[in-house]
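There are 2 protein chains.
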Amino acid sequence: MNHPTPLAELRKPLPEALLDALRAVFGERLSTTQAMREHHGRDESSYDPMPPDAVVFAQSTEEVAAAVKLCASHEVPIIPYGTGTSLEGHILALRGGVTIDLSQMNAVVAIHPQDLTATVQAGVTRKQLNAELRDTGLFFPIDPGADASLGGMAATRASGTNAVRYGTMRENTLMLTVVTADGRIIRTGSRAKKSSAGYDLTRVFVGSEGTLGIITEVTVRLYPQPEAISAAVCSFNTTADAVNAVIRTIQMGVPVARVEFLDENGVRSINAHDKLTLPEKPLLLFEFHGSDMGVAEQAQTVQEIAFEFNALGFEWATRPEDRSRLWQARHNAYFAMLQMRPGARAISTDCCVPISSLAECILDTQADCEHHGIIYSIIGHVGDGNFHVLLMVDPNDPEDVARAEGVNARMVGRALSMDGTCTGEHGVGLHKMDFLVQEHGEEAIDVMRTLKHALDPKNIMNPGKIIRW
Amino acid sequence: MNHPTPLAELRKPLPEALLDALRAVFGERLSTTQAMREHHGRDESSYDPMPPDAVVFAQSTEEVAAAVKLCASHEVPIIPYGTGTSLEGHILALRGGVTIDLSQMNAVVAIHPQDLTATVQAGVTRKQLNAELRDTGLFFPIDPGADASLGGMAATRASGTNAVRYGTMRENTLMLTVVTADGRIIRTGSRAKKSSAGYDLTRVFVGSEGTLGIITEVTVRLYPQPEAISAAVCSFNTTADAVNAVIRTIQMGVPVARVEFLDENGVRSINAHDKLTLPEKPLLLFEFHGSDMGVAEQAQTVQEIAFEFNALGFEWATRPEDRSRLWQARHNAYFAMLQMRPGARAISTDCCVPISSLAECILDTQADCEHHGIIYSIIGHVGDGNFHVLLMVDPNDPEDVARAEGVNARMVGRALSMDGTCTGEHGVGLHKMDFLVQEHGEEAIDVMRTLKHALDPKNIMNPGKIIRW
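Chains as they are written, first to last, in full-length UniProt numbering: chain A, 1 to 469; chain B, 1 to 469.
Source of the hints: derived by calculation from the structure; they are not laboratory data.
Every value quoted in this text rests on a predicted model; they were computed, and no experiment measured them.
Where a beta carbon is used, it is the ideal one built from N, C-alpha and C, also for glycine.
A hint or two may mislead.
Claimed, not checked - These stretches of chain A come out as covered by chain B in the derived footprint (C-beta under 8 Å, 3 or more residues): (1) 352 to 363; (2) 436 to 444; (3) 448 to 454.
Okay, chain A solo, but in the shape it has when bound (with noise of 0.2 Å):
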């Protein structure tokens, strides 16, 4: 359903040399089976496959090199894949070419414990780095749901539920190791915590999704295990309450570690989905971090905040397993929505607002969605503005997918005569490349292009994402 043309003139077969010489340099670990394509050729967007011509997995920044300047050689298209996890299309194989599976790469470098910072490779998964980091004391905050691997997380400028707290992958990446599009390897920058050394290389890779160079290594900020942790969840009769007191909560600067909203057809959704009880009312989930006496006094502003705002209670959750099965409902929404429609799949929209618009864009998005009979959830990580809304389609139903499409338009118009972004953490894959220059402008997007273009001359890494050539 829903896919731009996949450029099937500019869709050429592998030249036999090419395979060879990858063959050559990758064995076994070179494969043009159909599975093997189609499964690279997906990822959990609402697109119909895209198959790339190939797949290599790689085990080192040297392979990645050598099967870029292959590919460069040739003016084949080369795209990277995490664990395919993306929604927007990242990883589909718009004009064919060489998928480079980095899922191999997954060894924890190095971790400096009394410096806070982890080097690992570009396929280690923000779950495996919690784990090695169980000993030290120390975690890695970043979010995103899905158990996506950090090189994933750095291309798509990834958050998720704590970076109302801690920040992005812009904020916690320290810094990368990078293949070029001509094959050679830098390193975008050091371990300092802050640096003034020229150009911000870490972040001209940070979010550009593979079309500029393929990152191989990350090193990322890690942050010492709370004291103590504490969750409460909160019912409101009304969306415009729940936001109303999230807006207060960040405009008073209580530090919360997370707050998360679930309109009523979300909740009703992980209730079924999850069998929890939760009242299926407006909802929001609250993580709060720090010492004892801390967590104490945020969750005790909150929770007047909340009441302020008409909350039907506020009810807490201390015990590590009730909490853990809290956050597990919430980050199974998204699955737990596919169920609430069997046969359709899910639009996920993203956008991001400043704090102060945040109800207004989602009343008026709800609106939207209940005058066009959709049937659709909204999930948000509300302390940064950030909200989805997920769109149930029948992906037969050309005009269910319209409709769909036409609250999205609408709902990133509004975003962005708010000041805010079409794309708050998924990033622009193929979904999102008009809205993208309707958020930057032309003149904007031309420096973007002149940026591509200088960095990748044959269009080869990732081509026909984020911005046209």
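Could you slot chain B onto chain A? The hints should help.
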């Protein structure tokens, strides 16, 4: 003293046609007097002045764009100028050209207190912004010491004393208005707190020191004024004890707002300059922000750590006037030190290392200074692993200068071997171009050069800074 060749051969008189065209735009706000040119050819570095050929005072982004277009058509260098407080020769007119003084672009464009953001013209200084914010209950934390302009602070990726808690200009700049090298006006982002919308143009220009474009407006994050602030000073018998106390504080995740180190030379100089009576021993200055309870708790923890590392006392400064006096003295350290050796100039270094290496890096550098009989002091934003050695030299004694530069070069080598950076916050300018290559390696520098060539193909934007063409 100590300046690179001013590239006199590249210095041509300004074409009369350009001067006429600039005069048509700027009228009386164009100056070619020697006094004005010399004023704009000097910063707070140890370099001799290198004046531009003309200075224009811009009052709008459109005027900046007009000046850039005119200079571009004549291939004449353009240098942006804020308050002239840079430390690495950033605003010296190495090849002549036109300096665009942005100090008259000093309007606060918009404050959105409910979103915790402010948009200002590039010439607004941090003190001016904070004065305008006073009634909102918010503040802008970045404090590099000098009352720098926000445009200049963004251009050098500045930080300073509060960065340990609030981050640097990298984390706190939401978006910029930039005039590109061909005179187009772009906006690099939105006011959303986070975004994955395409290449991170904001951070391409933050830290680019005027070499890729001219920043004309800056949108920054604001923070609620903390409910409580307290400060404390704490002396130690040894530098090692002081620095190790900081390392432990950071590793434990105590959210200190400021933690500054002064060695005994630094303390002696501010005692003399500010008529203080601090013990002439290695000193830490702390500031704590939070709730009454949170501040008390942080202070208690830090006090315990300090005594564990043999602190000689822990003295409170809770009255605002005492705090101001202490921080003013800290900010005066540079000028105080200048008075310790009349006629001398200061070479200021700016390493930043992963926190666990900080004590070793400082101690080895101290030993090196002592060994060479240099008059110096060390002050540092030690919570970030960042410190400055002020090396006092006789500008007319080449051997003296060479000795100091030797200390600097060895210290940078030491910091890089510890995975640190040659500049935590001052930037590269003229002074650290070789260090930058040493830090990043030729391949990464080449990627930076690719960006420069792509965004400034005529090499007219502050040419000769950061990287060699």
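Taking the hints in turn, this is what the structure says about them:
1. 352 to 363: holds (count 6)
2. 436 to 444: holds (count 6)
3. 448 to 454: holds (count 6)
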